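One point on numbering: in my numbering, the residue at position 106 of the sequence shown is 106, and numbering is uninterrupted.
These are calculated hints, taken from the structure and not from any lab test. Values in this document were obtained by computation on a predicted structure and should not be read as measured data. No residue lacks a Cβ here, since even glycine has one placed at the ideal position from N, Cα and C. Don't take every hint at face value.
Across the chosen pairs, the derived CB separations fall in these ranges [to be verified]:
id: 1; residue 1: Ala-385; residue 2: Arg-306; range: 52 to 58 Å
id: 2; residue 1: Arg-16; residue 2: Glu-184; range: 29 to 35 Å
id: 3; residue 1: Thr-400; residue 2: Gly-101; range: 43 to 49 Å
id: 4; residue 1: Leu-423; residue 2: Gln-191; range: 23 to 29 Å
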Amino acid sequence: MAAVSHLAKLGLFDARVPRYTSYPTAPNFGVGVTENLHADWISSIPAGGSISLYLHVPFCRRLCWFCACRTQGTSSDAPVRAYAAALKSELALLRARLAPGVRLARMHWGGGTPTLLPPTLIHELALAIRDAVPSDAETDFSVEIDPTEIDAARLDALFEAGMTRVSIGVQDFDPLIQQSIGREQSFELTQRLTEDLRHRGLRGLDADILYGLPHQTAPGVADSVQKLLSLSPDRVAVLGYAHVPAVSRRQLMIPTASIPGPEERLDLFETARTLILWDGYQQVGLDHFARAGDPLAHAHACGRLRRSFQGYTDDRAEVLIGLGASAISRFPQGFTQNAPSTSDHLRAIRSGRFSTARGHVLSDEDRLRGRMIEQLLCEFRISRAQILARFAVAPERLETLFRTCAAAFPGVVEITGHGLEILEEGRPLARIVARSFDRYDASGKPQGAI
């Protein structure tokens, strides 16, 4: 790897760099996109086409301190039942606007904690989804499961609904670290859940682990990773903890003085990465790892890897419909986002309309830059031939973009016969390099990007 000091000078430890799970990123969405446009884009989906769904459940029994997602605590099922009723109404709105024969390619239930849904609500939502968008044996249905918020009855309901893949957040197995982030979840509890899932015939198991948490050390991360690998997950994501108490006030509970510094974070990631690769996983993009033969590894090998709001994906559907408060939808025409407030979302749905609060209509320039950013983060290179074949960009302009980027990242980026490539030793800078192609600033206005 290139010297850490050189990468640091080029911005390696800049915590403000987006993850680019979309382009433009969600902070750049504007209020000019309305529910009418959202409905029109749904109606424009071709008959017989396929879409994916994301169902957002914002409720949690406990609010983990490290989490910066839009969630809210609840000790009773009353708000959950009201929210589920709104989800069924939202699905009815979707069904009324879909052309005949549209099928479900992928579905993901996230949150929050979707597994706090009682079995009856899981069953009712699954039926409502099946009624709105029929699925088949090839539909991949993944659910985020909190090992501390699941039981046999809910597992039965999820498998009966067609669940094929489970995602488990591990974070770290060290008890001291778990206490410092408000997320106590023993290895033994997680192990029992994975055994139960496999006994029931689960097709795929994904797990997330975080680095950069308070009190983390390289030996400690090594211990947690080895415990995680003993569970034989099919995919592992090694994600950096983002300490943003100005955005998520619950992070004020975390002991800031115990958070590793930037260079320590890099060492923690490299420790986890090395162990996972030694165990036979293939690295997929920046921070995901998959077993050989896993669909994600296959997509990476075939050049079909994509970025989504969940990270890396092999989903080929051009449309993703987000259901629930704050959920984001992706269309060929652009992005829409539902009202972030649960009360605002419920009010809109109960009045018979989508709760679309903001979004973005894609321009040709957005599509060009978005694809270049996606290629950089998926393949660490931009294919000159693919970009010229897909977009109306002059070869001279593309070469100018390449030269400007290469000049900004000496020893990290080079121009090749194929196009623009991030050298292996510079791959930790991939998001920084990608940001140089981002034409928006934090306010959402076009800026002086290359």
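Hint check results:
1. Between Ala-385 and Arg-306, the C-beta spacing of about 19 Å breaks the proposed range 52 to 58 Å.
2. The hint said 29 to 35 Å for the Cβ distance between Arg-16 and Glu-184, and at roughly 31 Å that hint holds.
3. The hint said 43 to 49 Å for the Cβ distance between Thr-400 and Gly-101, and at roughly 45 Å that hint holds.
4. Against the hinted window of 23 to 29 Å, the Cβ-Cβ separation of Leu-423 and Gln-191 comes to about 40 Å, which falls outside the hint.
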